[in-house]
Amino acid sequence: SQWGEENLQALSIQEGEDVTMNCSYKTYTTVVHWYRQDSGRGPALIILIRSNEREKRSGRLRATLDTSSQSSSLSITAAQCEDTAVYFCATKPSSFSKLVFGQGTSLSVVP
Amino acid sequence: EAAVTQSPRNKVAVTGGKVTLSCNQTNNHNNMYWYRQDTGHGLRLIHYSYGAGSTEKGDIPDGYKASRPSQENFSLILELATPSQTSVYFCASGDAWTANSDYTFGSGTRLLVI
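Note that the protein sequences, when read in sequence, are chains R and L.
Under our numbering, the first residue of the first sequence is numbered 63, with each subsequent residue one higher.
Under our numbering, the first residue of the second sequence is numbered 1132, with each subsequent residue one higher.
These are calculated hints, taken from the structure and not from any lab test.
Here the structure is a predicted model, which is why all the values come from computation and not from measurement.
Keep in mind that the hints are not guaranteed to be accurate.
Said to hold, decoys possible - When the alpha-carbon atoms are kept at most 30 angstroms apart in a straight line, the in silico DSBU-like pairs for lysine-lysine are as follows:
#1 Lys160(R) to Lys1149(L)
#2 Lys1142(L) to Lys160(R)
#3 Lys1149(L) to Lys1196(L)
#4 Lys160(R) to Lys1188(L)
#5 Lys1196(L) to Lys160(R)
#6 Lys118(R) to Lys160(R)
#7 Lys160(R) to Lys88(R)
#8 Lys88(R) to Lys1188(L)
#9 Lys1188(L) to Lys1149(L)
#10 Lys88(R) to Lys1196(L)
#11 Lys118(R) to Lys88(R)
#12 Lys1142(L) to Lys1188(L)
#13 Lys1142(L) to Lys1196(L)
Claimed, not checked - Here are some, though not all, of the chain R residues that point toward chain L, as calculated from beta-carbon distances under 8 angstroms:
#14 Leu70
#15 Val93
#16 Ala106
#17 Phe150
#18 Leu161
Ideal Cβ positions, reconstructed from N, Cα and C, are used throughout, including at glycine.
Use the sequences and the hints to build the structure in full.
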């Protein structure tokens, strides 16, 4: 619950570069959601990885999950300017509990 | 298309006034949530609901009330608005009975308390 009080991390990369964003969580999770928030919009789910999966791919996105270190990562291959957004991870301690959102990363992709 | 709609999109309120933010969902989700997001920060949970007639306190409920009169509608009420409540407010809905279900968010209400 305290994650939302922290400042967003900021990353700036050039178009065409690969980027990885990390997320560490504090309790067991059944699933990790990664959300993307465009400027002036609400967050939207872009990829989800379950606790029994180590890697999940969707287009240029790749999510990993390491339950032993309680961490997840989101990688974007060959980033484009339109990937500029804020990215949040969210965890779920049990199947029917609320999502717990991480602090978020503000990604800026410049030409 | 299933959606979460928030109104108003923008609101200016005076200190001490009452503000009501509205949220409507057509996803037929049981759960609904209110978050606030301050510039440069993440999402903080204010109130949530498991269904019509239910409201629960989130992580930062002080100064806010919530109302869930129906499955579709969930309101956030600021009885006595203060400048510290200036923020962007997001409503979301989620399916209680699907372990991997995601949240669907509205586009937000930008509130300025002067």
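Results for each hint:
Distance check on the hinted pair: Lys160(R) and Lys1149(L) sit about 29 angstroms apart at the alpha-carbon level, within 30 angstroms; holds. For a cut-off of 30 angstroms, the pair hint linking Lys1142(L) to Lys160(R) stands: about 28 angstroms separates their Cα positions. Proposed proximity of Lys1149(L) and Lys1196(L) is supported: the alpha carbons are some 11 angstroms apart, at most 30 angstroms. At roughly 12 angstroms between alpha-carbon atoms, Lys160(R) and Lys1188(L) fall within 30 angstroms of each other, so this suggested pair holds.
This hinted pair checks out: Lys1196(L) and Lys160(R) have alpha carbons roughly 19 angstroms apart, not beyond 30 angstroms. For the given pair, Lys118(R) sits about 22 angstroms from Lys160(R) by alpha-carbon distance, which is consistent with the 30 angstroms threshold. As the CA atoms of Lys160(R) and Lys88(R) are separated by approximately 15 angstroms, the hinted pair is consistent with the 30 angstroms bound. Of the pairs offered as hints, the one joining Lys88(R) and Lys1188(L) holds, with about 21 angstroms between alpha carbons and a cut-off of 30 angstroms not exceeded.
Among the hinted pairs, Lys1188(L) with Lys1149(L) is consistent with the structure: their alpha-carbon atoms are about 19 angstroms apart, no more than 30 angstroms. Using a Cα cut-off of 30 angstroms, the hinted pair Lys88(R) and Lys1196(L) holds, with the two alpha carbons roughly 29 angstroms apart. This hinted pair checks out: Lys118(R) and Lys88(R) have alpha carbons roughly 21 angstroms apart, not beyond 30 angstroms. Taken as a hint, the Lys1142(L) and Lys1188(L) pair is honoured in the structure, with Cα atoms around 24 angstroms apart against an allowance of 30 angstroms.
Straight-line distance between C-alpha atoms of Lys1142(L) and Lys1196(L) comes to about 18 angstroms, which keeps the hinted pair within the 30 angstroms bound. Interface hint at Leu70(R): satisfied, since its Cβ lies 5 angstroms from the closest Cβ of chain L, which is below the 8 angstroms cut-off. Look at Val93(R): its Cβ gets to within about 5 angstroms of chain L, closer than 8 angstroms, so that hint holds up. A cut of 8 angstroms between beta carbons decides the hint on Ala106(R): the least distance to chain L is about 7 angstroms, and the hint holds.
Nearest Cβ of chain L to the Cβ of Phe150(R): about 7 angstroms, under the 8 angstroms cut. The hint holds. For Leu161(R), the interface hint holds, since its Cβ comes within 8 angstroms of a Cβ in chain L; the closest pair sits about 6 angstroms apart.
Violated hints for the displayed structure: none, as all numbered hints are satisfied.
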